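J.: Given the coordinates of chain A, work out where chain B should sit on it, guided by the hints.
Here the protein sequences line up with chains A and B, keeping their order.
Numbering that gives the first Met the number 0 puts the first residue of the first sequence at 0, with every later residue one more than the last.
Numbering that gives the first Met the number 0 puts the first residue of the second sequence at 0, with every later residue one more than the last.
By construction, these hints were calculated from the structure, which means they are not laboratory data.
Computed from a prediction, not measured in an experiment: that's the story for all the values here.
Misleading hints may appear alongside valid ones.
Same chains, same names: a pair is fine if it fits in one copy or spans any two.
With a Cα cut of at most 30 Å, we get these calculated BS3-like pairs of lysine-lysine [said to hold, decoys possible]:
(1) 341 to 27
(2) 302 to 403
(3) 138 to 403
(4) 122 to 8
(5) 183 to 222
(6) 302 to 183
(7) 325 to 8
There are 2 protein chains.
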Amino acid sequence: MNIKNISPKQIEIIDLTKLGELEGKEIKLQGVIHRLRILPNVTFCILRLERSLIQVVAEQQHDLSKFIEGDFVEITGIVRSSKLNDRAILNKNYEISLVTINLIHRPKELPPFEINKKELNIKPDLEFDMRPISLRHPKKRAIFKISETIANSFASFLELNGFTRIFSPKIVFAGAEGGANIFKIQYFDKMAYLAQSPQFYKQYGVGIFGRVYDIGPVFRAEKHNTTRHINEYISLDFEMGFISSFEDVMALETAYLKYLIEQLKEKNSFEIDLLEITLPTFNDFIPSIKLKDAHEIVFKEIKKDYRNEPDLSPDEEKFLTQWSKKEYNSEFLFITHFPTSKRPFYTMDDPENPGETLSFDLLFRGLEITTGGQRIHDYDMQYNKIVSFGLNPSDFESFLQLHKYGVPPHGGLAIGLERLTARICGIENIKEASMYPRDINRITP
Amino acid sequence: MNIKNISPKQIEIIDLTKLGELEGKEIKLQGVIHRLRILPNVTFCILRLERSLIQVVAEQQHDLSKFIEGDFVEITGIVRSSKLNDRAILNKNYEISLVTINLIHRPKELPPFEINKKELNIKPDLEFDMRPISLRHPKKRAIFKISETIANSFASFLELNGFTRIFSPKIVFAGAEGGANIFKIQYFDKMAYLAQSPQFYKQYGVGIFGRVYDIGPVFRAEKHNTTRHINEYISLDFEMGFISSFEDVMALETAYLKYLIEQLKEKNSFEIDLLEITLPTFNDFIPSIKLKDAHEIVFKEIKKDYRNEPDLSPDEEKFLTQWSKKEYNSEFLFITHFPTSKRPFYTMDDPENPGETLSFDLLFRGLEITTGGQRIHDYDMQYNKIVSFGLNPSDFESFLQLHKYGVPPHGGLAIGLERLTARICGIENIKEASMYPRDINRITP
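Pulled out of the complex, with its shape left as it was, chain A reads as follows (with noise of 0.2 Å):
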């Protein structure tokens, strides 16, 4: 019989921003041969690592005609200062000089499009039908890198500030958000939804823990196929307790924001540089309006009128944001107090303001990315406002349990991790900020 030890092993990370401390020295490299261009004297070769590009120069005792851009490859190298100027290499002070190359696996076949173009600039059809293969552009997969320290910080910046992380069901009983937009399952012999939102398990964590989030997938069932639209998203989800106003909530989100300008530039120097992002600013706060008022500056403005629409056009949240911007500097603005209708039955209504809730949006570029407000507490106002929906309470009973045996007043948000993610790197269409969106007409790969 034969048992073996297995002892625990990390991963040896080279830290590419600090090259210079290895200068001279030897390192070893595994990667993908991005581009290969052999000259008589001497041969580039451009590795693509986990993040970025690096530039190992082979002098001409190595022969590498036998290799391929695709291969993957384990090199060896002293690492000796360069000027690089391609916003894809890390760390563009230095570059390998080849001492020894190794082919690990050669593919079956080249893809039907150059992953080693500057931009990639393929259909659209054709990226999202090959993304496992497209993603691996550069400036494709820097996109996620941004989605990540934008999720990664939400986790973190929450756990600063006391909340408890909980992972809600995706398999439910019945949506939050009500209506059509909810896909159905087979669950054994019942039928069940997928959830619309984590929104009764964040009320219920709050009974539980005070101060809750959570960071997963949501779904809805919308039919409409637009850029700012997605079957499957990630939601940024929290919820906090003992609230004095849902300012509170609100003051709570524009101290994340200040915190994930502060972690992007922190973690993400490269991709910004690559991506050409400008990060977005603001001045010690973020501006904010009602929904009223927000339609009478856009009427006085550009002279459209949506006075009486019960939401913002996105035509109004285009302009509102370039206004916020001139008038506040700031490329966020938040949208307060839409009406009773517009909102869904766990919202707070405004007392000092009747069809009015204490509800917020907010918007960025040009996008709503957050929508949050108070929530009900008090069981009698939140049986009554199910009643005055048109719903049946019975069908709340697991929710109502909640305000039967007491929660204090609460509220929260959730942000559209897409959104958030599309807006900061100055995309228009929020599919290409999801690794593998689902729409209407696709769910491959």
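T.: Chain B alone, transformed into the frame defined by chain A:
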């Protein structure tokens, strides 16, 4: 028009482990009255905070008779030293001498069980039916602070090891594991499925980022209703490229488990004490044996003959971790080389042992908590194995893109969060380690 400025504002957190630094000072707390004991000269009011209890003592000038257990209150009081012995209290060396108390909200009703007893001890059906309330019990919610650390330390450990976080889609067109255990969704005019694992997307991730991890829900339509199964669970997944052996994956998991134990000591000493958890220990390694040798040990030691079985039985899993604890001081044990027929079609066969795979399970305290192994990276090998499994390669067109256009040798694993949480907490039924467990009979709350 009214424009407000929303300034960033974080939550003021009192670190209860450092309450000594505030001795003699007045602090403000918000919480629930967990227990109220009114004596002639003094009232003891135990408040339930986000994570722990705290004792508030009201001298006789305070009349607390108008308060009841379950009330949400805000108090101010002076920190003073004490000596308490309720494990649910943090910090046991201090209490609060009441200065002011205000009612924030009173629930409509009291729940049908007492949340403030040392043990909840109610019937499981009632506990799960009323999970939004029963999870408020200090010992119940403590389980999920352990679970939170397991998930968050998985993320931070892998980040330190150069992994990129991905979010794999949950609506998919085919199942990674194959077979009948898959939930169907009506996706507009198509049929779709709920992901059984992020397997394909993790493997795509290796081609994109080299090393990836994913934390999210997965769905299994398994009909058995046991203490070891739930139909929706959180899977902690990683996949790493450029491995030289499937043991690289096992060595990284071993390093994670060491890291996790340190993180639990650092972040969860409160819950470890409250739940009387014995943290797992191992010497400098985790032992690893082949499946057939595991069967031999079981046969030799307890005379049960599973030597012709292609998998481990539950009683073998129980016995084997006892055995490895006795023999190697390790409550963890790797079992390797499962037969080809019992592992999915993407598993690499062992070239040296036909019919066996380069795969492993990790057992811990009698339960399989991890499945992993090396995957096939070669196109022809993967194509042929799909065919030999009786599957149709054209159903795996997206997946085979990966192999056709190339991916380096790679492997990975999946850890069941609820299983690992349950075993660390010493819980027999993994449903108790899921906030809102889904089983064949339950999709509520």
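J.: Determine for every hint whether it applies to the structure shown.
T.: Do the hints match the structure? See the list:
no.: 1; hint: 341 to 27; in the structure: neither (58 Å within a copy, 37 Å between copies)
no.: 2; hint: 302 to 403; in the structure: neither (48 Å within a copy, 56 Å between copies)
no.: 3; hint: 138 to 403; in the structure: between (51 Å within a copy, 22 Å between copies)
no.: 4; hint: 122 to 8; in the structure: neither (43 Å within a copy, 44 Å between copies)
no.: 5; hint: 183 to 222; in the structure: both (15 Å within a copy, 19 Å between copies)
no.: 6; hint: 302 to 183; in the structure: neither (43 Å within a copy, 49 Å between copies)
no.: 7; hint: 325 to 8; in the structure: between (53 Å within a copy, 24 Å between copies)
The earlier numbered hints that this structure contradicts are 1, 2, 4, 6.
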